[in-house]
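Chains A and B supply the protein sequences, listed in that same order. Everything in the first sequence is counted per our numbering, starting at 5 for the first residue and increasing by one. Everything in the second sequence is counted per our numbering, starting at 5 for the first residue and increasing by one.
It is worth saying that the hints were derived from the structure and are not from the lab. Be aware that a few hints might be false.
All copies of an identical chain are treated as equivalent in the list; a pair is satisfied when it fits inside any one copy or across any two copies.
What the hints assert, rightly or not - In silico lysine-lysine, DSS-like type, Cα no more than 27 Å apart, as pairs:
{"hint": "1", "residue 1": "Lys299", "residue 2": "Lys337"}
{"hint": "2", "residue 1": "Lys340", "residue 2": "Lys299"}
{"hint": "3", "residue 1": "Lys261", "residue 2": "Lys299"}
{"hint": "4", "residue 1": "Lys224", "residue 2": "Lys33"}
{"hint": "5", "residue 1": "Lys340", "residue 2": "Lys11"}
{"hint": "6", "residue 1": "Lys149", "residue 2": "Lys261"}
This structure is a prediction, so every number in the text was calculated from the model and none was measured.
2 protein chains.
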Amino acid sequence: MRQRVEKYIDGLQEQIVSELENLDETAPKFRRDAWIRQQGGRGLSCVFACSPESGRTTSSLETVLEKAGVNVSVVHGMLPPSAIREMRSDHSSIPYDGKSSLPFFAAGISLVIHPRNPFAPTVHANYRYFEITESPVEGDEGPPKVVAWWFGGGSDLTPSYLNESEVKHFHRTLKEACDQHGSELYPAFKKWCDEYFYIVHRQETRGVGGLFFDDLCCEKHTRLSDDITRPRTPDEIFSFIQSVGNAFIPSYIPILKANAVRRYTEHHRRWQLLRRGRYVEFNLVYDRGTRFGLKTPSARIESILMSLPETARWEYMSDLGVSEESEEGLLVKVLKEPREWV
Amino acid sequence: MRQRVEKYIDGLQEQIVSELENLDETAPKFRRDAWIRQQGGRGLSCVFACSPESGRTTSSLETVLEKAGVNVSVVHGMLPPSAIREMRSDHSSIPYDGKSSLPFFAAGISLVIHPRNPFAPTVHANYRYFEITESPVEGDEGPPKVVAWWFGGGSDLTPSYLNESEVKHFHRTLKEACDQHGSELYPAFKKWCDEYFYIVHRQETRGVGGLFFDDLCCEKHTRLSDDITRPRTPDEIFSFIQSVGNAFIPSYIPILKANAVRRYTEHHRRWQLLRRGRYVEFNLVYDRGTRFGLKTPSARIESILMSLPETARWEYMSDLGVSEESEEGLLVKVLKEPREWV
């Protein structure tokens, strides 16, 4: 499975980056940073940014994207007892004696796209595979025995302005990808997404949701009924991952294309920057992946914080978004009361 | 003590706000929001911001300040057993039975000033008094018995560009205020400040430091020798607080004045916005007050996040600040290796 996942995410990364590059042929290409982790593993960060020209605050280029990152990382190492203990609550098959470390393998693709146009929503997606094996025994040939494995991931949309038909398209595309593998997946993961991307201190969601799931494996799952049709074997779950992974481009790129060249004013830009402030608040205060990364001493900080927008704005008691009749207020209403879109 | 602290911080707030308003007579005045806390207490948030004109991203006004808040809050209520247990490590006089709540009182002034000019540093200061009393006994007249009390606070400077003589002036002014109350205070609290305002994931301090202290009372203090001259009684410590509180204006305002009208380019502005990104990272990821506030259900979120700058910027692998010979690199060097300034 390791090799298959690795091959799949490498391919998906290349496909997404090409798609984004083809969309805007005069824009600079993505920067590709391959990296190697001393403790084991490798990765490729593909990042889009427009470096400001000398003596300027921001670039003068009117590109479709403002900042974007599509990362792949494949790392392995030893998991300390404290981390094992935490994981056991969802994966009872992991042996735990309170003092031993266990080998782990983690491979994932993670992306965040912040377009320049305030009508084009920000999008995030992440698909990952995690595996824990027995400690290798000296003299033993062959791969070590897998004691636990699971897949996780999801994809969610964060618009500054609400366009209902686009949100429906995004959700419908993801739902269709899910439905091939069982009808309970989309409703469960849609709900999980609304719960996960919640900014407690603002009492609103980060965006209009999508999918979020974790710990998907052959064991019982806390968010899925036990007697339904759903992917259970490694092959079945990997096939589900490929369906939702492959749904990324059709779910998002049409929305990006439709809005990339819309006319907008500084008023729209101001609201977009305020919403990006909320994006920063969620990622730095709540996002598990980001907070885990910030605490990891050997982590590649530039890759972790690549999810942050190029610019963000904070206003004390802003008047934007307050009136329920305004275009900004329409978005806020949906963030306060998540809706069903399909 | 409650009334004396309250009167002092109210006066200091008014003085600081007036000083800032007088500095820039054509700028809009601070907005003054008085608030009342349902569960007990009141406050006054004084906030400076330039609302963008209709159809603009930012205000066109070239004011000295870009965003600033000077807040006073005086709150009281009941402290749950979990909070009491945590506080007991530094205040052994608090009675603890694992199930009772105790009345608390907290009064403080807190300010953050983000000037517009990239050569004018951001500054933060906070002085506060905390008191825990016995639960009131029915029929008992008079104030309840104080079982624990302490003062905390500090002030620190966050420049985007290093001006050594200004940093020395800031530290010297605070040191002189401290030295009147004991020679060990400044070195201990300067060191504490460098340790507290440390952005672990960036391996750099937020700024060039100043003072940071907490739990100052008549009991033993973990960061101060027991046999030295230092303020110990409530009167002595309150007098120390007034000295450092009163040092705020002379420590900072001359620096602000000297830089408010300096010429700068978009290059300097870009670096300032990147540094403000780091300010956001520290406040949302590490700052105890902010994180405590975000977790408090009834907290006034607009007052807590008032400390965030109006705009901030993130660049992937930015080239600014990398070269040690650049003006930006000179600052980074000091943030990586905090210096003695006096």
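Hints versus structure:
1. Lys299 to Lys337: Intra 34 Å, inter 23 Å, cutoff 27 Å: inter-copy only.
2. Lys340 to Lys299: between (31 Å within a copy, 18 Å between copies)
3. Lys261 to Lys299: neither (37 Å within a copy, 39 Å between copies)
4. Lys224 to Lys33: neither (44 Å within a copy, 61 Å between copies)
5. Lys340 to Lys11: neither (40 Å within a copy, 40 Å between copies)
6. Lys149 to Lys261: Neither: 46 Å inside a copy, 68 Å across copies.
The structure shown violates the earlier hints numbered 3, 4, 5, 6.
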